[in-house]
Amino acid sequence: MVSKAGSIGIEGVSHAFELRGRTLPVLDGIDFTVAPGEFVALLGPSGCGKSTLLRLVAGLEPPRAGRILVDDEPVAGPDPSRIIMFQDPTLYPWRTVRANAQLGLEARGQLKGQGARVDEALSLVGLENFAGAYPHELSGGMAQRAALARALVNDPRVLMLDEPLGKLDSLTRLQMQRELSRLWEREGFTVLLVTHDVEEALLLADRVLVLSDRPARILADIAVDEARPRHRDSPRLIALRREILELLGLAEAA
Amino acid sequence: MSSTAQTAGLDLAERLAAARPAPGLWATGLVAAIVWLVAASIILGLPDADDLGRTEELAGAAALIGGVILAATLLIGRLPSGPEALSTRIRAGGPWLIVLPLALIAWELVTAKLDWLPRPFFAAPQSILEVFTDDWARLGESVLRSLILVVPGYLLGAALGFVTGVAMGWSRLVGYWVHPVIRLIGPLPATAWLPVAFFAFSTSRGASTFLIALASGFPVAVLTWSGVASVGKSYYDVARTMGASPWFLVRKVAVPAAMPSVFVGLFMGLGASFSVLVVAEMMGVRAGIGWYLQWAQGWAAYANMYAALLVMAVMCSSAVSLLFRVRDRLLSWQKGLVRW
Ligand SMILES: Nc1ncnc2c1ncn2[C@@H]1O[C@H](COP(=O)(O)OP(=O)(O)O)[C@@H](O)[C@H]1O
Ligand SMILES: [Mg+2]
Chain A
1 MVSKAGSIGI EGVSHAFELR GRTLPVLDGI DFTVAPGEFV ALLGPSGCGK STLLRLVAGL
61 EPPRAGRILV DDEPVAGPDP SRIIMFQDPT LYPWRTVRAN AQLGLEARGQ LKGQGARVDE
121 ALSLVGLENF AGAYPHELSG GMAQRAALAR ALVNDPRVLM LDEPLGKLDS LTRLQMQREL
181 SRLWEREGFT VLLVTHDVEE ALLLADRVLV LSDRPARILA DIAVDEARPR HRDSPRLIAL
241 RREILELLGL AEAA
Chain B
1 MSSTAQTAGL DLAERLAAAR PAPGLWATGL VAAIVWLVAA SIILGLPDAD DLGRTEELAG
61 AAALIGGVIL AATLLIGRLP SGPEALSTRI RAGGPWLIVL PLALIAWELV TAKLDWLPRP
121 FFAAPQSILE VFTDDWARLG ESVLRSLILV VPGYLLGAAL GFVTGVAMGW SRLVGYWVHP
181 VIRLIGPLPA TAWLPVAFFA FSTSRGASTF LIALASGFPV AVLTWSGVAS VGKSYYDVAR
241 TMGASPWFLV RKVAVPAAMP SVFVGLFMGL GASFSVLVVA EMMGVRAGIG WYLQWAQGWA
301 AYANMYAALL VMAVMCSSAV SLLFRVRDRL LSWQKGLVRW
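Top line first, the protein sequences correspond to chains A and B.
Just so you know, this note's numbering puts 36 at position 36 of the first sequence, and the rest follows in order with no gaps.
Just so you know, this note's numbering puts 325 at position 325 of the second sequence, and the rest follows in order with no gaps.
A hint or two may mislead.
Chain A regions said to be covered by chain B (calculated; three or more residues, Cβ under 8 Å) [said to hold, decoys possible]:
no., segment
1, 69–82
2, 104–115
Here are the simulated BS3-like cross-link-like pairs (lysine-lysine), alpha carbons at most 30 Å apart as the crow flies [what the hints assert, rightly or not]:
no., chain 1, residue 1, chain 2, residue 2
3, A, K112, B, K113
4, A, K167, B, K233
5, A, K112, A, K4
6, A, K167, B, K252
7, A, K112, B, K233
8, B, K233, B, K252
No lab work stands behind these hints, which were simulated from the structure alone.
The beta-carbon is built from N, C-alpha and C at its ideal position, and this holds for glycine as well.
So that you can see chain A by itself, here it is in the shape it has in the complex:
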């Protein structure tokens, strides 16, 4: 059986933006690998370059230096096997939830006969009864679920989540964290999750990569050696949380 998950190799990746004639270094020699099916969280201060790194892996932009490999192939551009889910759901307001979810199939001309897949993705995220709704009729959590369904329809081998729960209220957030975890266990794809929530990273990920201030470097690569299902008040997670906050220079907050 072909593995449903992709491996990722980041080799000495640096990136910078030109901003009003000045060069703004954003990523500084990032190196790491992700095994197929692994769940890796990227944790770092706001503006350090986390989203940029995801955009590079997605192939939306080429890196200034270094190489990005997915399944040992250099990334040359966007590909439906690598899907990003952004912090904003970015659903198309003129499309219903269902029409949004089938975007990828439609874009690749594979829509015919694949209606069942769209329905399946919608019911995976619990939106089967809102297929005909327009985005402005959805709550924040529902919109984010719809965006998730739109990603899942493509059967990604690598799913990149860019602070997908950042704007949700705390209860919806907890619920969505649980659902994400279940989904990952069920589907088995590789996940790169960007978050600025230490607890979220520890609850969900196999490994947490802690990034420095801009330009981002990897400060630590921490394996979360705790069995699932996890509880936020387990002693091991609390210890890891303290360690990470110290790395981020927020020791007193721990």
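Use these hints to put chain B with the ligands onto chain A, whose structure you have.
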């Protein structure tokens, strides 16, 4: 505490019930029917100050309207009610149904009956009715000729403007070359091209179509362009990661996202088209409602002139209504659309 809440709730319910007209009786409608009947009797009862035609017919029309409203007053209680129901919409029009006959009475008095306003410039209502009863064939033909002229021109201009706008918004190269041209020439009123157009085109029809297309094309191009240019980059990123081709991005992302703006352009273009239409008809086409208007003015047939103005207003307003209908259909996903 709960009892106060309950009383307050009852109070509110009572007041809401009082604000809603009692089912069965439609008081406003009854008043409206009476005023229309009064208008009919004034028109018929008071003698005309001059020898005017169609006075009886005007009175008959007013009486007929009064009768219809009276019938509606009796029947409206049996129609289904609800926010979108026919009966609700009829009720909403009630105040207008009272004010209209009042205005008719006032107009009738100061022109036909008392002769306070100088005729023929201020035409009496029955004189305008007379135009419709006696000259409907020519009016109708004029409307038809105008539509035959304006519709193809408008559609042509809108289509070209739309394509130009999308190309400008999408391609930097097209934007580079077309933008300065549009910027220089676009704001020029299309009517300024009139002498050139009538010289350059062998037929007045060709010239007018060109001018109308120019008038509608410019706003459509500019607003389509701005609509496409303001589409968020993230909308494209989402589709790109899923394997969308550039052509897909144009058709399924840029264009639908720009549609609200495109409709503003179509609306502005419609107004510009009508204004060019009227001028073109007055200047060279010698047919159509604009020409009728000028012809009536030339013969001092003021009643005909007002009748033509009325017809033109209905024509333009219907065109805008149609456009808004189409927009409401296509953009039903938007919230808070302005109703026309
Ligand atoms: N397209 C761009 N052009 C210029 N600067 C950018 C661009 N994208 C991001 N940046 C800058 O790069 C830095 C890192 O951005 P980002 O990756 O979004 O940070 P994070 O996701 O970690 O908060 C920020 O300072 C941001 O302003
Ligand atoms: Mg970010």
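Status of the hints after comparison with the structure:
no.: 1; hint: 69–82; in the structure: holds (count 4)
no.: 2; hint: 104–115; in the structure: holds (count 4)
no.: 3; hint: K112/A x K113/B; in the structure: violated (74 Å)
no.: 4; hint: K167/A x K233/B; in the structure: holds (20 Å)
no.: 5; hint: K112/A x K4/A; in the structure: holds (23 Å)
no.: 6; hint: K167/A x K252/B; in the structure: holds (27 Å)
no.: 7; hint: K112/A x K233/B; in the structure: holds (28 Å)
no.: 8; hint: K233/B x K252/B; in the structure: holds (14 Å)
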